[in-house]
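Protein sequences, first through last, are from chains A and B. Counting in UniProt numbering, the first sequence runs without a single skipped number right up to 289 at its last residue. Counting in UniProt numbering, the second sequence runs without a single skipped number right up to 296 at its last residue.
Please note that a few of the clues may not be correct.
The following label-pair restraints were derived from C-beta to C-beta distances [to be verified]:
id, chain 1, residue 1, chain 2, residue 2, range
1, A, V172, B, F160, 22 to 32 Å
2, A, L70, B, T22, 46 to 56 Å
3, B, S262, A, K136, 35 to 45 Å
4, A, G188, B, P16, 16 to 26 Å
5, B, G5, A, V107, 36 to 46 Å
6, A, L53, B, N194, 36 to 46 Å
7, B, L73, A, L17, 22 to 32 Å
8, A, Q36, B, K290, 41 to 51 Å
9, A, D229, B, G41, 17 to 27 Å
10, A, G27, B, Q60, 44 to 54 Å
The calculated SDA-like cross-link candidates involving lysine to any residue, where the alpha carbons are at most 20 Å apart (straight line), are [stated by the list, open to error]:
id, chain 1, residue 1, chain 2, residue 2
11, A, K195, B, I83
12, B, K63, B, Q155
13, A, K7, B, G132
In short, the hints are calculated from the structure, not lab data. Note that beta-carbon positions come from the ideal geometry of N, C-alpha and C, so glycine has one too.
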Amino acid sequence: MHKLPLKKILIYLVLGLLAISIIIPVGWVFVASVKQNNEFYGSPWKLPESFYLQNFADAWGSARMGEYMLNSIIVTAVALAILLVVALPAAYCLSRFKFRLRKILKVLFMAGLFINVNYIVVPIFLMFIDGDKALKSIGLSPLFLNNIYVLALVYAATALPFTIYLLSGYFVTIPRTYEEAAYIDGSGYLKTMVKVILPMARPSIITVILFNFLSFWNEYIIAITLLTDPKGAKTLPVGLMNLMKAQNAAAQYGRMYAGLVLVMLPTLILYIIVQKKLTQGMTLGGLKE
Amino acid sequence: MKNKGKSIFIFLCVAPAVILFTIFMVIPTINIFKMSLYKWGGYSPNKTFVGFDNFIKLMQDMKFLQAFQNTVLLIVIVSVITIALALIFAAILTREKIVGQNFFRIVFYIPNILSIVIISAIFSAILDSKNGLLNSILALFRDKGSEPIYWLGDQKIVIFSIAMAMIWQAIGYYMVMYMASMASVPESVYESANMEGASRIRQFFTMTIPLIWTNIRTTLTFFIISSINLSFMLVKAMTSGGPDGSTEVFLSYMYKQAYTNSSYGYGMAVGVVVFLFSFALSGILNLITKREPIEM
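With these hints in hand, go ahead and build the complete structure from the sequences.
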């Protein structure tokens, strides 16, 4: 009789400990974002004296986080758009039609799952340097480095293997009879794909969007490598990195934590809304970059 | 006529993906291998072919060996602890009747959706030696006036601080994964075990783990790849490899050689070694963890 509750207590204690170790640091960032600078020198557990919202204004304005946020939104949206336009038809054809090279292409994209983006960022960077040099030599302005649209293209390209893998897995499960019926009605290949198949693939498309949104929004190694101009465009995580480095020197904690909140909040809100889909989608794909 | 239309359709569908994939993934990968055979400063046009010189130099490079050692240490610590904790929490959340089960699942997964930059900032705040959250808690249990623990400043400790951040980030992700495969174990299996009087802990070791073994095996490869990646991203944001190289990992060293030092060829040689290492390690682990699948 006595043994059971003790075990339960132990279980809740363990669960609670892990939950606290996550909630407190994340919550602490939110609290810290409204503290004034001198409050950072005392005990870290003190609640803020007031809601010092000036931090957000500083982060947004003088630390340029507002501008970076807009960049991040553009990069993420453009990358997702390119990714879907390119990956959906490719995944559809690779899983539906028999053609020469199909097997080879499938193997190639599978192998792409193992290519680590953090390695190839150096050769990509060098390729862009060469590209910009070539453009300059024929009198055009450089295009590849410090360009957020090119960054979006790189994001989309490097997400292709994972996305095609996930989508193909889903397309295979859709019965062929739907397409056959559409063909009999005189619908062409393109129309059949867009009107019949893509709507049916919605769950997997949503999963793809979720995962890639998180990885594009949070990415910083490629961004920091390809956006080299210190005064030029940055994405939020890169801007935040700069703020963290500057923080060490100039002690502007408040605006740094405000910046952290700006990066974190969209992902947290999205996560709370779609958490069920996200964790389900994970077992669907069973893969992480 | 119809067949021609089909071919054109397929070509138009597949070509963009193949082109993007080739330009931004295949060619750069080939370039890594190619450049590792050259001595090259990067910006200058003169590349000299040096064969395997970069690799020979690498094997005598103490800094690289330290990065090697640190990476292996992180892979081992992080994988073992994360697998253990993720399995335990997954078992608790699937097998026990817990109030707020959903709440715990949602909270545990949060670190996985945060940017590594944010995790670095959070852990810098937790681990700060003067005003950090961790030291201020520990101060309650330690003698007044004792030296604070330099989580990020002490060469012996700092690598474990990085490991702590990596484990914190990963538990929820793997927990959700193990939960999914545990949920597919039919309840009837446990019922008969309950009848025979096997304890929960025994059931966990003799039934749950063998039944989801395939899933655990697949995650081992993830652990290797993601440890190499995450350690790099965290180190770059938190310590830059310091103090004095004590947190230098594979890719941070590669990155440093390529950019700060501008010896691209040498940096790429590091990349090749890391690539081969992670491939070989996955292969070996895959072999030695092979078990006959258990029929359910």
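Results for each hint:
At roughly 45 Å, the beta-carbon separation of V172/A and F160/B lies outside the given 22 to 32 Å, and the hint is violated. A hinted range of 46 to 56 Å for the beta carbons of L70/A and T22/B is inconsistent with their spacing of about 32 Å. Checking the proposed 35 to 45 Å range against S262/B and K136/A shows it is violated: the Cβ atoms sit about 21 Å from each other. The hinted window of 16 to 26 Å between G188/A and P16/B holds, with their beta carbons roughly 19 Å apart.
Judged by the Cβ atoms, the range 36 to 46 Å given for G5/B and V107/A is violated: they are separated by roughly 27 Å. Distance hint check: the CB atoms of L53/A and N194/B are about 56 Å apart, inconsistent with the given range 36 to 46 Å. One distance hint, 22 to 32 Å for the beta-carbon pair L73/B and L17/A, holds here, with the actual separation near 25 Å. For the hinted restraint 41 to 51 Å between Q36/A and K290/B, the CB-CB distance of approximately 59 Å leaves it violated.
Restraint check, D229/A to G41/B: a C-beta distance of roughly 21 Å satisfies the suggested window 17 to 27 Å. For G27/A and Q60/B, the hinted distance range of 44 to 54 Å is satisfied, since their beta carbons lie about 49 Å from each other. Of the supplied pair hints, the one linking K195/A and I83/B is violated, its CA atoms being roughly 44 Å apart against a limit of 20 Å. For the proposed pair K63/B and Q155/B, the alpha carbon gap of about 14 Å is at most 20 Å, so the pair holds.
Simply put, K7/A and G132/B have alpha-carbon atoms about 33 Å apart, too far for the 20 Å limit, and the pair is violated.
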